[in-house]
Amino acid sequence: MDTILALIDQNIAPLFGTAWPAVSTTLWTVIKIVCIVGPLLGAVAYLTLAERKVLAWMHVRIGPNRVGPLGLLQPIADGIKLLLKEIVFPTRASKGLYVLGPIMAIAPALAAWAVIPFTDTLVLANIDAGVLYLLSVSSLGIYGVIIAGWASNSKYAFLGAMRAAGQMVSYEVGMGMALITVLMVSGSLNLIDIVEGQRGSTLFSWNWLPLLPMFIVYLVSGVAETCRAPFDVVEGESEIVAGHMVEFSGMSFALFFLAEYANMWLIAAMTTTFFLGGWLSPVSFLPDGFGWFALKSCFIIFLFLWFRATFPRYRYDQIMRLGWKVFVPLCLAWILVVGLWMLSPLNLWK
Amino acid sequence: MTMDFKTVLFYIFSAVLVLSALRVITARNPVHAVLALVLAFFNAAALWMLLHAEFLAIMLVMVYVGAVMVLFLFVVMMLDINIERLRQGFWSYLPLGAVVGLIMVAEMGIILGGRYFGLDVLPAPIEPAAGFSNTKELGRLLFTDFVFPFELVSVVLLVAIIAAVTLTLRQRKDNKAMNPRLQVRVKAADRFRVVKMAAEVEAPAVANESAPAAGQEGSKA
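Residue numbers (our numbering), protein chains in the order written: chain A, -16 to 333; chain B, 55 to 275.
Careful, some of the hints might be misleading.
The following residues of chain B were derived to be distant from chain A, with all beta-carbon distances above 10 angstroms [to be verified]:
hint, residue
1, Leu101
2, Phe109
3, Gly120
4, Val210
5, Ala214
6, Ile215
7, Lys227
Which bits of chain A does chain B cover? Going by a derived footprint, with three or more residues having C-beta under 8 angstroms, they are [stated by the list, open to error]:
hint, stretch
8, 47 to 58
9, 121 to 134
10, 140 to 150
11, 245 to 252
What the hints contain is simulated information worked out from the structure, not anything from laboratory work. Ideal Cβ positions, reconstructed from N, Cα and C, are used throughout, including at glycine.
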């Protein structure tokens, strides 16, 4: 590795002259981005298989098992199939926006990973306002859905987009408020500091236990934010076929799916960081590391799938009620409780 | 002339900002105009980020792009907009628009030509140190030096929220909305009652009843 770097310094750096520091920084960042996005897209692809397998086992079925050993090549087969399909433009669709929709859906889902700390050193951008960045970038994902729904010139797609807009804006409020307690106890907006603030000897020192109601609010809001069952009225098959993506086909349709699953991983990673101690080991005799982060994220993802297999779909007014009339007041009350707790002698977070 | 990387970024963001702002007022379709406005906000946030105002920049994206403009788009998409009628009032609104535009140009002139108005006596802003946290500093100022105005603003906003809700909340008489809590708590006995009653005596059969039925079958065939 060192010899390669030395070779680059000798042979390539002089070509750029004084611009070399800027060029090399840009190149390094691009390489790091590829190193994050590549495995992430792999995880997204295999999440589709995991979902079908887990749902099948919960339904006492077998699930996909034809393509490759144990069906392990199924996501690749699905991907190739979708790549080869024609992209159909609906009549009088707004062409530019119709193409932009899926791109706007997936871009924020990937961009948010820039600040997720996989370990205390393994992070692309360790910025001070990491939490704010995450919240603002993840709030952009909704544009993909709205633009797609409007641009397809279809009533089903439009209704789906309207539902999505209402639902995602509402649950962002709940998520943001649940995070306020986390910020209060950790006193920082930096994600690494938030994880380090949860360090203790066991898994009971992580935020999930002292802030249990907020952990639940955050997790449920996360399910609603990604429009997963039981909050999947946005694409409710039985009412509006597939919501905003009903007119999409081929790869533009696949991008919506990639975005949805990338968002699931993102919510899982965020929940892990905020409430489950990130890369910290649950017991003192095992070392910390990326493995724990991955394991915890997988556990949250498993919860997502488990919910889908267990609960029937909420009605739209029930979703709105849960978000605004249950979660928001609960969060407001809990912020007060945590504030008083931190002022009392029982304060756990010195 | 060499430009450093930041200057290049500044020109890119400014160019996109100006173009998208122009698109806001020239786009024929209101939805396209709103989306151009979103792009303009995003680039304004990027410019603020270049000015080390990362908290303001992220808040602009989070609040305006992430929430306000979504609802804006929501409303604009639902409106049945007649583009011809929208263009009708152009000449009657022009004087007011021109006045507003001129005031803005004058204000920008004061800032940009600051040295003619004595702005150069103000010291240049200090370059923040490496560990400087914009967010922390803003929070400290808001909750210590400016706590009273801050609380006042929040109370005013709260009043505005409550006023908006009360003004729009008109409970319709024929509203059939359900209370989910009552729905969940409902027992079988609340909805369904088994009544005991004497069996009805069957009416005596009429002789020619089978005739219409036979006719129907015939017409189907």
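Okay, the hints, checked on the actual structure:
1. With 10 angstroms as the threshold on Cβ separation, the claim that leucine 101 of chain B sits away from chain A holds: the shortest Cβ distance comes to roughly 16 angstroms.
2. With a least beta-carbon separation of about 6 angstroms from chain A, phenylalanine 109 of chain B fails to lie farther than 10 angstroms from that chain, contradicting its non-interface assignment.
3. With a minimum CB-CB distance of about 3 angstroms to chain A, glycine 120 of chain B fails to clear the 10 angstroms threshold, and the non-interface call is violated.
4. The claim that valine 210 of chain B lies off the interface holds: its Cβ sits roughly 19 angstroms from the closest Cβ of chain A, which is beyond the 10 angstroms cut-off.
5. A cut-off of 10 angstroms between C-beta atoms confirms that alanine 214 of chain B is not in contact with chain A; the least separation is 17 angstroms.
6. The beta carbon of isoleucine 215 of chain B sits about 12 angstroms from the closest Cβ of chain A, which is more than 10 angstroms, so the claim that it is off the interface holds.
7. Every CB of chain A is more than 10 angstroms from the CB of lysine 227 of chain B (nearest about 19 angstroms), matching its label as outside the interface.
8. Against chain B, the stretch 47 to 58 of chain A contributes 0 residues with a C-beta closer than 8 angstroms to a partner C-beta. That does not satisfy the three-residue criterion, and the hint is violated.
9. Counting residues of the stretch 121 to 134 of chain A whose beta-carbon sits less than 8 angstroms from any beta-carbon of chain B gives 7, enough to reach three: the coverage restraint holds.
10. With a cut-off of 8 angstroms between beta carbons, the stretch 140 to 150 of chain A has 5 residues touching chain B; three or more are needed, and the interface restraint holds.
11. Given a C-beta distance limit of less than 8 angstroms, the hint that chain B covers the stretch 245 to 252 of chain A is violated, as 0 residues qualify and 3 are needed.
Violated hints for the displayed structure, listed by number in ascending order: 2, 3, 8 and 11.
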